[in-house]
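Colleague: With the hints as a guide, bring both chains together as one complex.
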Amino acid sequence: DTAVSQTPKYLVTQMGNDKSIKCEQNLGHDTMYWYKQDSKKFLKIMFSYNNKELIINETVPNRFSPKSPDKAHLNLHINSLELGDSAVYFCASSSSGGETQYFGPGTRLLVL
Amino acid sequence: AQSVTQLDSQVPVFEEAPVELRCNYSSSVSVYLFWYVQYPNQGLQLLLKYLSGSTLVESINGFEAEFNKSQTSFHLRKPSVHISDTAEYFCAVKGEGFKTIFGAGTRLFVKA
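From first to last, the protein sequence lines are chains A and B.
Counted from 1, the first sequence has number 41 at position 41 by the numbering used here; the numbering is strictly sequential.
The number in the numbering used here is simply the position in the second sequence, starting from 1, with 112 added.
Do not take every clue at face value.
[Stated by the list, open to error] For lysine-lysine, the following BS3-like pairs were computed, each having C-alpha atoms within a straight-line distance of at most 30 Å:
#, chain 1, residue 1, chain 2, residue 2
1, A, Lys36, B, Lys161
2, A, Lys22, A, Lys52
3, B, Lys161, A, Lys41
4, A, Lys19, A, Lys41
5, B, Lys161, A, Lys71
6, B, Lys181, B, Lys161
7, B, Lys181, A, Lys44
8, B, Lys211, A, Lys36
9, A, Lys40, B, Lys161
10, B, Lys211, A, Lys44
11, A, Lys41, B, Lys181
12, A, Lys22, A, Lys67
13, B, Lys211, A, Lys22
Hints were generated in silico from the structure; no laboratory data involved.
Predicted model, so just to flag it, every value in this text is computed and none were measured.
Just chain B, same shape as in the assembly (with noise of 0.2 Å):
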């Protein structure tokens, strides 16, 4: 059975500020990780995925992530955020099977 934690339930941080979304997971098989965004009155959208190859995954709008097995972490990073970016965040995981597992979600606020 695969979980997720996602360490914060919400960071604020100031435009154009760097920031780091932490998210831990545990398994005992190979999996699939992603980070889909949630923006107000919507539903998911995949942000970015690792399923195998570059441990670094980008997204078109700037963010990162980086799998790093021995830490069983795949942290979402931009270096520089905008208003825009405001939303809820989730990350999540998949081992065999159908079921993804996703985290709790974390909450990022970006104020000007």
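The following block holds chain A by itself, in its conformation from the complex (with noise of 0.2 Å):
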């Protein structure tokens, strides 16, 4: 059984597009997170929430807003792409502790 699933695991779109990109843990956590990886594999952390309660907000553009329906599932849509937006993300999960994360397989990010 996949234990952090994403959904697409490939997104390519043209600037100005809108997506959304899903996550979803079967792990039972209640803390989920997402990075962004660039193409040199700096991992940057975005968005953190706990019991769906947003605990990290790291300085990323306003143009990207994670929602948190349930604490098994951490969405995150981004308006108006732009080309630095291309990157690989990451949903993670932890359980409350936040010691060890375990990471989905990642949605690649291609903005024409």
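Modeller: So this is what it looks like as structure tokens:
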């Protein structure tokens, strides 16, 4: 069984479009995260939710809006996509202690 | 606040040779330390972690890391690498709260 899943795996779109990425975890964790990994493999935290409450909100353009409908799901909506948004986006989850994080397979976003 | 420095961006090594991937951190509080591995086109997976107790921690596939508080280091070592160890390795530190800080990554390339 997949622990942390993301859809879609690949996303190719035009500048200016709006897109969403979905994440689901079946580990029973109550903390979930979104990371952005750039072409140089640098991993940057974007957001984190604990029990559906936003607890980490890094310096991210407000075109990015996370939403957690329940503890098992964390979605990321991106408005007005720009070329610089091209990256791999990873979802992760952990228990409330937040020690070990479990990562999804990533969503590869390419903005043309 | 915490920070992590991985001193080598790339480490090429021949198969069956020993390897060390270096990691230094800074923090004003007690920390947890991690090494994650990312194989091509996959998400990150936990390799090993130091939470407390013995300063030498080991993974199931032969890697080990030693927490050195005086040198603020958590270097990763393996006495004999395999082709299958080729991957990106991330050192990470977590202090209080939910945020985990990842290093920039070290690309380990094992050559036959």
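Colleague: For this structure, which hints from the list above don't hold up?
Modeller: Those not satisfied: there are none.
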